[in-house]
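There are 2 protein chains.
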Amino acid sequence: MDPRVREHAAVIVNHSIGVESGDDVVIDAHSVAEDLVTALHEKLADVGANPLVVQSRTGTRFRRAYLRNHDGDFDLPTHEMALFEAMDSYIAVRGDANVTEEADINGATQSAYSQARQPLLEERLGKTWCLTQHPAPANAQLAEMSTEGYENFVYDAVLKDWDAVREHQAQMKERLDAADEVRIVSGEATDVRMSIAGNHTLNDYGEANLPGGEVFTAPVPDSVEGEVLFDKPVYQRGREITGARLRFEDGEAVEWSAEKNEDVLDDILTTDEGARRPGELGIGMNRDIDRFTYNMLFDEKMGDTVHLAVGRAYDETVGEAVEQNDSAVHVDMIIDMSSDSRIELDGEVVQRDGTFVFEE
Amino acid sequence: MDPRVREHAAVIVNHSIGVESGDDVVIDAHSVAEDLVTALHEKLADVGANPLVVQSRTGTRFRRAYLRNHDGDFDLPTHEMALFEAMDSYIAVRGDANVTEEADINGATQSAYSQARQPLLEERLGKTWCLTQHPAPANAQLAEMSTEGYENFVYDAVLKDWDAVREHQAQMKERLDAADEVRIVSGEATDVRMSIAGNHTLNDYGEANLPGGEVFTAPVPDSVEGEVLFDKPVYQRGREITGARLRFEDGEAVEWSAEKNEDVLDDILTTDEGARRPGELGIGMNRDIDRFTYNMLFDEKMGDTVHLAVGRAYDETVGEAVEQNDSAVHVDMIIDMSSDSRIELDGEVVQRDGTFVFEE
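Top to bottom, those sequences are chains A and B. Throughout, the working numbering is defined as the position within the first sequence, counted from one, plus 45. Throughout, the working numbering is defined as the position within the second sequence, counted from one, plus 45.
Don't take each hint at face value.
[To be verified] Now the stretches of chain A that chain B is said to cover, found in silico as 3 or more residues with beta-carbon under 8 angstroms:
| # | region |
| --- | --- |
| 1 | 71-84 |
| 2 | 197-204 |
[Said to hold, decoys possible] In silico negatives: residues of chain B with every beta carbon more than 10 angstroms from chain A:
| # | residue |
| --- | --- |
| 3 | Ala90 |
| 4 | Arg108 |
| 5 | Leu128 |
| 6 | Gln281 |
| 7 | Asp317 |
| 8 | Ser372 |
Think of the hints as simulated: they come from the structure by calculation, not from any bench. Note that CB positions come from ideal geometry on N, CA and C, so glycine has one too.
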């Protein structure tokens with residue numbers, strides 16, 4: 046086994062989750078991640094925790110078979126709910142045999158299935174959890190990389206001194222917490238302002254997401270104004286949206302277009318009322334993520350990027366006096382900030398061409 | 046996919062378990078059984094049941110890793126217990142990448158782990174369940190067969206007209222239910238008598254075990270008298286006991302020997318007081334199982350065989366007025382009845398050289 050797999054497992058168990066003796070842990074992983082699942086069992090045995098391996102994530106042949114054969118009137122599985130209620134923590138491992146395994150499932154079935162299982166998601170999110178990535182060949186293929194190259198990419202992003210990351214990112218978190226207005230400017234196409242007054246900025250240093258490496262907050266609904274060109278592709282429902290442009294007025298997207306797959310963008314933005322409003326502003330700060338890999342777990346943390354997500358705002362980012370944007374969707378879209386760009390907080394530049402003021 | 050995999054799944058879902066709409070089903074399977082797990086999902090979708098795939102069986106690399114690294118003071122996992130309490134039915138699929146994956150786990154650790162998890166086993170056995178086999182290459186190797194040859198063997202044993210099997214076997218069940226004393230004679234080495242008075246005979250036609258194909262009951266404790274040579278190897282704790290001979294007095298093994306691995310036989314028989322007493326008498330009636338494959342799920346149903354299990358008696362086989370043999374072990378051992386042999390019930394021959402009187 047690649048020794049980095051065991052280091053990865055140690056970060057998950059000791060840092061991301063902080064597993065303690067007697068904890069009942071669920072590991073949700075495809076069999077291609079067997080190395081990581083095995084290393085996790087070593088670490089969980091070390092601390093005296095109780096793992097159970099399940100396979101309920103997207104992209105298995107059997108989940109596709111289930112969705113293809115079902116009449117679409119899905120139940121909430123009470124046994125799975127009982128498991129999640131009783132567990133202490135949840136480790137979700139991305140890693141696929143074929144990332145397009147569910148390419149021939151229709152969207153209505155996918156939606157009905159997700160909706161029936163929504164309480165499971167809520168229950169899981171209420172526990173200590175970690176979403177991470179095992180560098181399987183199919184995921185390397187999605188990233189357009191060799192398997193070994195992708196392994197290096199994943200482990201560089203994941204095996205970091207997360208305490209140092211926390212301290213580094215805290216400098217940006219503090220500035221955002223103190224600020225009322227954020228302005229993002231990039232090239233000619235992007236100039237957008239929003240209020241974050243009263244909301245909270247979270248410092249993601251590899252806990253619920255591994256890799257971590259971003260700070261993020263929520264825009265105040267109705268406050269977003271301006272135009273954005275999302276430079277990086279948005280990979281949704283098995284299709285790639287490129288060159289997406291959105292114009293916001295009073296917090297809502299009022300015009301949009303895309304170079305490719307504009308209909309998918311239409312579908313997303315017309316899901317419900319909240320889907321046209323940004324629910325998240327995130328600043329990518331993990332410079333070991335130096336390329337786009339069609340995987341939001343990595344892409345949104347990329348150094349020199351900012352992302353806005355249309356749709357639902359995370360509970361923890363919304364202040365008591367502020368309205369929380371609600372939606373069935375949460376779709377992250379990325380802006381390149383590496384050149385001809387700046388982030389202003391209350392009129393003061395805190396990042397220019399990808400370099401933060403506290404890094405100068 | 047081999048079309049027989051889908052037939053196998055249909056037998057499990059429609060016959061063995063009898064899954065109904067809304068049932069919460071757990072499938073416990075190694076990833077090498079992905080074809081069967083996929084076919085099961087098709088059938089479970091057809092009836093509108095809710096599957097969850099877990100991997101808690103023996104023989105995974107991660108379970109070995111867990112057992113190797115643990116200090117041996119195991120907990121009962123409450124989340125796994127909650128899952129089992131909430132489920133309606135349980136499908137356990139045998140099928141391994143390496144049947145000797147746990148060869149370097151010591152026996153004390155295995156025992157401590159099993160003991161801590163005993164309530165999980167009890168809970169599972171209280172639900173509707175089915176144990177079956179997917180013909181993975183490693184299991185073919187254990188059987189000393191080619192993978193394709195083993196596939197044919199497994200599907201011949203599994204894909205049967207189970208209603209016809211039930212009717213055929215009922216002829217032997219009725220005779221055993223009506224009998225007080227059973228005598229098994231085979232060659233010079235085996236002549237053993239026991240009372241089954243007041244106990245019940247079960248007709249196994251592919252429900253909890255797939256393949257099925259036996260009738261079985263429990264000897265009255267203290268009634269077993271005589272000598273037995275077990276002709277087929279007993280595969281226990283990764284080792285093969287051959288040529289096991291046991292002499293019973295007052296229901297208890299008082300002398301024993303084996304040609305190979307006698308110390309393993311010693312370990313089994315000295316586990317506790319009940320381990321020296323037979324808890325099961327079974328008659329193999331599945332003639333499609335025509336060879337020994339080191340897999341008790343098949344071996345004990347082989348045509349022309351009888352088996353005695355030392356240790357725990359099954360609840361359902363023990364009559365109200367009869368003492369139930371209790372033990373931490375239940376080890377089946379097989380007698381060849383194909384030639385120079387007979388089964389007598391109350392002095393009347395019901396099988397001679399493998400042929401039942403109702404087959405003549």
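Please check whether the beta-carbon of Gln281 of chain B is more than 10 angstroms away from every beta-carbon in chain A. holds (25 angstroms)
The output says Ala90 of chain B does not contact chain A. Does that hold with a beta carbon cutoff of 10 angstroms? violated (4 angstroms)
Least C-beta distance between Leu128 of chain B and chain A, which was stated to exceed 10 angstroms: At about 4 angstroms from chain A, Leu128 of chain B fails to clear the 10 angstroms cut-off, so the statement is violated.
Count residues of the region 197-204 of chain A with a Cβ under 8 angstroms from any Cβ of chain B, then say if the count reaches three. violated (count 0)
Coverage of the region 71-84 of chain A by chain B (three or more Cβ within 8 angstroms): holds (count 6)
Over 10 angstroms to the closest beta carbon of chain A is the bar; see if Asp317 of chain B clears it. Label holds. Min Cβ-Cβ 27 angstroms, cutoff 10 angstroms.
Is Arg108 of chain B truly not at the interface, in the sense that its beta carbon sits beyond 10 angstroms from all beta carbons of chain A? Not fine: 7 angstroms to the nearest Cβ puts Arg108 of chain B too close to chain A.
Distal placement of Ser372 of chain B relative to chain A, Cβ over 10 angstroms: holds (27 angstroms)
Violated hints, in rising order: 2, 3, 4 and 5; the structure is consistent with all others.
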